[in-house]
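2 protein chains.
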Amino acid sequence: MILLRRELGDVLRSVRREQGRTLREVAQSAQLSLGYLSEIERGEKEASSELLAAVCDALGVRMSEALLSVSQRLAAAEEVAAPVPLPVPDAASVVSSAA
Amino acid sequence: MILLRRELGDVLRSVRREQGRTLREVAQSAQLSLGYLSEIERGEKEASSELLAAVCDALGVRMSEALLSVSQRLAAAEEVAAPVPLPVPDAASVVSSAA
Numbered sequence: 001m002i003l004l005r006r007e008l009g010d011v012l013r014s015v016r017r018e019q020g021r022t023l024r025e026v027a028q029s030a031q032l033s034l035g036y037l038s039e040i041e042r043g044e045k046e047a048s049s050e051l052l053a054a055v056c057d058a059l060g061v062r063m064s065e066a067l068l069s070v071s072q073r074l075a076a077a078e079e080v081a082a083p084v085p086l087p088v089p090d091a092a093s094v095v096s097s098a099a
Numbered sequence: 001m002i003l004l005r006r007e008l009g010d011v012l013r014s015v016r017r018e019q020g021r022t023l024r025e026v027a028q029s030a031q032l033s034l035g036y037l038s039e040i041e042r043g044e045k046e047a048s049s050e051l052l053a054a055v056c057d058a059l060g061v062r063m064s065e066a067l068l069s070v071s072q073r074l075a076a077a078e079e080v081a082a083p084v085p086l087p088v089p090d091a092a093s094v095v096s097s098a099a
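These protein sequences, in sequence, are chains A and B. First residue of the first sequence: 1, per the numbering used here; consecutive thereafter. First residue of the second sequence: 1, per the numbering used here; consecutive thereafter.
No wet-lab data here; the hints were simulated from the structure. The beta-carbon is built from N, C-alpha and C at its ideal position, and this holds for glycine as well. Just so you know, not all the hints are guaranteed correct.
Stated by the list, open to error - Example chain B residues on the side facing chain A (calculated, C-beta under 8 Å, incomplete): (1) L3; (2) E46; (3) S49; (4) L74; (5) E78.
Same shape as in the complex, but just chain A (with noise of 0.2 Å):
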């Protein structure tokens, strides 16, 4: 099952990392426990919306652009749990093959 706070957690995450910043630090800066981070990164725990804001508040990112992120992610995630068909040959074509 695809669920945003897995995307979510990603992508706060990733953004962390790019910025070569600890847990320590952007927890301490949002103000919310180490433990609470990681497991919001982890897509183990919901972020509320405030703790949300909080987050990308410490990292400097655009809420819009981390959701879009998010969005990209659940898009490429969507395509994979819902892949096209493969052809399947009509019931004309697998008789003849078989006479």
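Add chain B to chain A, keeping to what the hints say.
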């Protein structure tokens, strides 16, 4: 303060209304109470990731599409919250006009 749950609620409500469907119909299809869906649409409750997936499924929209709309709404709200500053005349022009 710009909050994800408010923008998300607005998007879910507008999708439902565009489809001409009632809260009751969508809540039944998503297997949650009418009151809870109403609170989510009004941005009063955070939807868990599982619940958001169920509501998107009931509405027949991809989560990625809903989140893209949310991202666009957040961007518009961020522009309003942090407007471009008005141009301020520089000291020289103020001095010359006072002379």
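Hint check:
no., hint, result
1, L3, "4 Å, holds"
2, E46, "6 Å, holds"
3, S49, "4 Å, holds"
4, L74, "4 Å, holds"
5, E78, "5 Å, holds"
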